[in-house]
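Undergrad: These are the residues of each chain, in order.
2 protein chains.
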Amino acid sequence: MEIKANAGDYVSVKLAKKEIKGIILESYDKDVILVKLESGYNIGIPKENVFEINVIRKYKEEKKEYKIPSSKGKPKIGLIVTGGTIASKLDSRTGGVKALTDVGEFAQFYPGLFEKYDIKISSPFMELSENMDSGHWKLIAKEAKKMCDDKEIKGVIITHGSDTLHYTSSVLSFMLKNLNKPVVLTFSQRSIDRASSDAELNLECAAKFALSNCAEVVIVGHASESDDCCYALRGTKVRKMHTSRRDTFKAINCKPIAKIGGKVEFLEEYNVGNQNIEKLELDDSFSNKVALVKFYPGQDPGILDYYKEKGHKGIVIEMTGLGHVNSGWIGKIKNCVKSGMIICGTAGTIYGALNPKVYSTGRELEKAGVLYLKDMLSETAFVKLGWVLGHRNWKGKEKEKLLENFAGEFNEFLAG
Amino acid sequence: MEIKANAGDYVSVKLAKKEIKGIILESYDKDVILVKLESGYNIGIPKENVFEINVIRKYKEEKKEYKIPSSKGKPKIGLIVTGGTIASKLDSRTGGVKALTDVGEFAQFYPGLFEKYDIKISSPFMELSENMDSGHWKLIAKEAKKMCDDKEIKGVIITHGSDTLHYTSSVLSFMLKNLNKPVVLTFSQRSIDRASSDAELNLECAAKFALSNCAEVVIVGHASESDDCCYALRGTKVRKMHTSRRDTFKAINCKPIAKIGGKVEFLEEYNVGNQNIEKLELDDSFSNKVALVKFYPGQDPGILDYYKEKGHKGIVIEMTGLGHVNSGWIGKIKNCVKSGMIICGTAGTIYGALNPKVYSTGRELEKAGVLYLKDMLSETAFVKLGWVLGHRNWKGKEKEKLLENFAGEFNEFLAG
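Each protein sequence line maps, in turn, to chains A and B. Just so you know, the first sequence maps onto residues 118 to 533 in my numbering. Just so you know, the second sequence maps onto residues 118 to 533 in my numbering.
Just so you know, the hints here were simulated from the structure itself, not pulled from any lab data. Keep in mind that this is a model prediction, so the values were computed, not measured. Hints may be right or wrong, so weigh each one.
Any copy will do: because identical chains look the same in the list, a pair fits if it lies in one copy or spans two.
Restricting the straight-line Cα-Cα distance to at most 27 Å, the calculated cross-link-like pairs of lysine-lysine (DSSO-like) are [claimed, not checked]:
id, residue 1, residue 2
1, K380, K427
2, K376, K134
3, K406, K427
4, K121, K474
5, K175, K121
6, K425, K449
7, K147, K516
8, K175, K516
9, K455, K237
10, K138, K474
11, K451, K147
12, K376, K514
13, K449, K263
14, K474, K259
15, K134, K164
16, K206, K455
17, K380, K406
18, K427, K449
19, K406, K376
20, K484, K189
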């Protein structure tokens, strides 16, 4: 039979023994119709099984109007919108998620934020975070610097896709030198127009933290699956650890900086009052000639030559255990180091610190010139390597800079 | 001054204001002597600060004799020794860890095991696990098959370095078809001659599990930092998650199969009595033309061409979030798939399952031909891809085989 309903239409579908109601979704298989049921589940029905389809309500894109309320007397927060799920809505035609088209639409979805605070909003671009690179990082850093320089602004919120958020939080930790107020990255795992969305609480807690007396780059997100409080996690020691859970970001090798419920409760050991009085400096040099390689058993070390021949200046190797790769790699590593490349090691286990002294492989790799980055996360190491190599004036001092604790990327007890 | 002591000697060192005692370690810096103190700490002393060194006791390698006790009436367990820390001892000359040279020496270090059980021991090789590849995996699988075919043997223990143990447990789960008894991999994070060693409890629990009525490949190791019980973890759903903690192996996306304290307590939901009555089959084909690539922001998709030009037949991409890479990769992925390569996706977050339907990037990547491996671990996916592509008779059915749940590599509720 011919189907006369279109994606987005609310329909009733007659089958042999029952009738179902739902929204037609775009289907990749022309012989199957895809229906989103009221329960939220999608089902696929072979067209040959359908007796009749009646359109109950035609698809119409909703357009809400939202007037941003007066800012008089409210604390001022900078808001940088960069895209991602937190700036997206459900597309009823695909059943998937679609980006909001402008910042005005963003305000419409988060009226609570604009009612409580005087929000200065800007958006350097709208991009899914898997598509970001160092060019996007620099644009965000520039925008954050501008916001931090505005004396009226108490703190800055950056909304961002969650996929690569920990890379951005790391690189901003390095690029924003002498930070003078909180820079808070936040995200959502589910878009705001879904009942289970984490966007509202994440933004609410991000705003509370943005008004705190601290000066770090942090990620703020759900502390657990419940919808009651968030954690603030240090930008250089955080990682996305679950594909879909709302408490996906975890502090790695350290504790969260603060818990944010009714108010911001800092961790006992945390030294809050470290806002810089010097002028914030934008230190955004970055070399793209860096790579991150996850080692796996039997891997050909030719991958090192590949990057060497491409003119790469540095490689982070995600190693096994305390810092090992196949000992057949040692020769190639020596060659790379001799040619001037920086070869760093990080822990593929994610948790824990490297120690090259325990096993012969580690001792030989260290002798071959591998720089062991202790308890630094692979993702943080990758962006730090690009940032360090971007500084021409640090030529010859790269290793020293990589081991310097710029933004809490090393735990002090381990780095000491 | 000239130092007349050698590495391994127990000495007294006179400094300006104090005298210290300890064992001389091999030092990489000729101007520094390295001393292991009785406290276990190492200190480096510039030679110029040393007034005098007196050798109290010269280094002598200890050779203990150990007679394996009679096996009469004891349950029989197969033991395959492959190297790693669990088959290593402290080297007093380097302060590091050194492999035991033969299996007899292994028995000497673990007398408890040989007193309780009738151990049939064999060692196909002695290797650190970072140096293993598919050749080693096949040798282990062959040895395990032999042991499983011996009707008197109740179960098999494999001792192995911890670094890549989860790759081996995965590949054995696929290679040992119709498994008829427990195959238990175990390890240690600290060598047996250290007070904090986890080797003894791990082996003891591995032996208990080897006598159980189950037929799976598992990893047995400390359940927590305490020295009281272990977990048995499914071979395809386990990962090393800490560089040094004793409870480093964690069940990913599922629960442990059993807790092993005084006895083996299976998880309530676990169906134990699944020992096969068919003959165990060694299914050890493996293609090395596979790679594992961790995606990071800004990464050049040229890495795909590199592997294609090397004649690789398949690549596992560790993706961001629900299964994304930079959308600039889509063209190259299409080319690879067209040329006959299998491109699979796994979750870089480690925890959670992929879902390509939620975001446009995922939908486009799926259309380009990426095979989404749901909640399968990257490491498991890598060895499964090599194993599937090793089967010439599966030509054309590779995707179907990759999605078949051979050894619990998919959680059923997700795979269904």
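Undergrad: Hint by hint, where does the structure go against what was stated? Just the numbers, ascending.
TA: 1, 2, 8, 9, 12, 13, 14, 16, 17, 19, 20
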